[in-house]
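Protein chains: 2
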Amino acid sequence: MNILPPALQEVIDAFGLLPGVGPRTAERYAYYLLRRDPNSIHKLVAALEELPGGIGYCQKTFALVPAGQELSDLYTDPRRDKTVIAVVAEPFDIVAIEKTGQFHGTYHVLGGLVSPIDGIGPEQLHIAELVKRIDEDKVVEVILATNASVEGESTALYIQQQIGDRKVIISRLAQGLAVGVDLEYADQISLGRAFDNRQTL
Amino acid sequence: MNILPPALQEVIDAFGLLPGVGPRTAERYAYYLLRRDPNSIHKLVAALEELPGGIGYCQKTFALVPAGQELSDLYTDPRRDKTVIAVVAEPFDIVAIEKTGQFHGTYHVLGGLVSPIDGIGPEQLHIAELVKRIDEDKVVEVILATNASVEGESTALYIQQQIGDRKVIISRLAQGLAVGVDLEYADQISLGRAFDNRQTL
Numbered sequence: 026m027n028i029l030p031p032a033l034q035e036v037i038d039a040f041g042l043l044p045g046v047g048p049r050t051a052e053r054y055a056y057y058l059l060r061r062d063p064n065s066i067h068k069l070v071a072a073l074e075e076l077p078g079g080i081g082y083c084q085k086t087f088a089l090v091p092a093g094q095e096l097s098d099l100y101t102d103p104r105r106d107k108t109v110i111a112v113v114a115e116p117f118d119i120v121a122i123e124k125t126g127q128f129h130g131t132y133h134v135l136g137g138l139v140s141p142i143d144g145i146g147p148e149q150l151h152i153a154e155l156v157k158r159i160d161e162d163k164v165v166e167v168i169l170a171t172n173a174s175v176e177g178e179s180t181a182l183y184i185q186q187q188i189g190d191r192k193v194i195i196s197r198l199a200q201g202l203a204v205g206v207d208l209e210y211a212d213q214i215s216l217g218r219a220f221d222n223r224q225t226l
Numbered sequence: 026m027n028i029l030p031p032a033l034q035e036v037i038d039a040f041g042l043l044p045g046v047g048p049r050t051a052e053r054y055a056y057y058l059l060r061r062d063p064n065s066i067h068k069l070v071a072a073l074e075e076l077p078g079g080i081g082y083c084q085k086t087f088a089l090v091p092a093g094q095e096l097s098d099l100y101t102d103p104r105r106d107k108t109v110i111a112v113v114a115e116p117f118d119i120v121a122i123e124k125t126g127q128f129h130g131t132y133h134v135l136g137g138l139v140s141p142i143d144g145i146g147p148e149q150l151h152i153a154e155l156v157k158r159i160d161e162d163k164v165v166e167v168i169l170a171t172n173a174s175v176e177g178e179s180t181a182l183y184i185q186q187q188i189g190d191r192k193v194i195i196s197r198l199a200q201g202l203a204v205g206v207d208l209e210y211a212d213q214i215s216l217g218r219a220f221d222n223r224q225t226l
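Residue numbers (the working numbering), protein chains in the order written: chain L, 26 to 226; chain S, 26 to 226.
Watch out, some of these pointers could steer you wrong.
What the hints assert, rightly or not - Lysine-lysine pairs mimicking DSBU-like chemistry, simulated, CA-CA at most 35 Å apart:
{"no.": "1", "chain 1": "S", "residue 1": "K124", "chain 2": "S", "residue 2": "K107"}
{"no.": "2", "chain 1": "L", "residue 1": "K124", "chain 2": "L", "residue 2": "K107"}
{"no.": "3", "chain 1": "L", "residue 1": "K157", "chain 2": "L", "residue 2": "K124"}
{"no.": "4", "chain 1": "S", "residue 1": "K68", "chain 2": "L", "residue 2": "K68"}
{"no.": "5", "chain 1": "S", "residue 1": "K157", "chain 2": "S", "residue 2": "K192"}
{"no.": "6", "chain 1": "L", "residue 1": "K192", "chain 2": "L", "residue 2": "K163"}
{"no.": "7", "chain 1": "L", "residue 1": "K68", "chain 2": "S", "residue 2": "K124"}
{"no.": "8", "chain 1": "S", "residue 1": "K107", "chain 2": "L", "residue 2": "K124"}
{"no.": "9", "chain 1": "L", "residue 1": "K107", "chain 2": "L", "residue 2": "K163"}
Calculated directly from the structure, the hints in this document are not laboratory data.
Pulled out of the complex, with its shape left as it was, chain L reads as follows:
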């Protein structure tokens, strides 16, 4: 006997495929759409139907672009400095950096991080294309803006080796205390980095 109608159970199961969504959360989403806001169903369906077909990748930076567009707006914009590249793991990292409003160079999306456990080797990432860009765009600085994780660090190290003795400044995002975090609640490693990278006043 079905406690819930199959049409509802299938929506719950489909939501359950999303990352971090358990059965209870999936039930909440499904019930919300059913009872409180049936109009959202159409919005979600219409948006999802366009999803895979509407997206492409920038041929230079591998950022997400509307399908059919060859280069990212952030790359072609003449106000962006093509000689400075921020290297990020995933396209959404660009959104986070753009929100700071402090970076005026261009991006390069690796498409992941080196992670032997997940079977991702450096040859699956857009590292060769980065090195090519360094030569083509006369790049003066590469900012390795990967996560401060084991994968982020080892990917950064690998890229550094690939860049070799090209005359380019290679930098890494600063690590230390997060702004607004109490020292007593900071994790050991961040606190250690904050000591290592302390600034003379």
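Given the coordinates of chain L, assemble chain S onto it according to the supplied hints.
Using the frame of chain L, we list chain S on its own:
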């Protein structure tokens, strides 16, 4: 300038309509569907398209049923005792109670709880239909299985008044310590109820 392609931004916005989903979570869902599991998009679209049209309400219990079905399986099942009714606020409460495997009566879904703040008065709930069922099905016990919240309590009180002096046992789910919860972490009110409702051994 769009940092993200419109096709992706629209999926993020649509997911953002779901309860408790902020922009970061919506981004995670959209990116997961795009990069890691494009097949899930079709599953989700297919399921959502069937959602509103595939669901109906039981004419007696107001539980969710497949469209076109008049009565809930849990109501028509001859093994279920129609003389005992568990009154719940929402259809998913039935799922939670069924999981205990301890209740063999039938259900009555109110469709919400009395909540003046949200503009929900008792006349919008299926209370008149409950009273009618009590008479028609010769009900001997009504278990008011609404939440132990202000709304749950006041709805239970209102129903009790509507049942009036009909010869029917009216009960309420026991309140006290949650099983497995340390006494020192229990909230004051639950601990207070646990004292009030203490059982003689």
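_Hinted pair K107/S and K124/L, Cα distance within 35 Å_ = 59 Å, violated
*Within a Cα-Cα threshold of 35 Å, do K107/L and K163/L meet the stated pairing?*
8 Å, holds
*Do the alpha carbons of K124/S and K107/S lie within 35 Å of each other, as the hint requires?*
19 Å, holds
*asked:* Check whether the Cα positions of K68/L and K124/S lie no farther apart than 35 Å.
replied: With a Cα-Cα distance of about 33 Å, the restraint between K68/L and K124/S holds, given a limit of 35 Å.
*Straight-line Cα separation of K157/L and K124/L no greater than 35 Å?*
Satisfied, since the Cα-Cα distance of roughly 28 Å is no more than 35 Å.
*asked:* Can you confirm whether the C-alpha distance between K124/L and K107/L stays at or below 35 Å?
replied: 19 Å, holds
*Are the Cα positions of K192/L and K163/L separated by 35 Å at most?*
Holds, at about 10 Å.
*Given the hinted pair K68/S and K68/L, is their alpha-carbon gap at most 35 Å?*
Holds, at roughly 16 Å.
*Please work out if K157/S and K192/S have their alpha carbons no farther apart than 35 Å.*
Since the Cα atoms of K157/S and K192/S sit roughly 14 Å apart, the hinted pair holds (cutoff 35 Å).
Violated hint: 8 only; the structure is consistent with all others.
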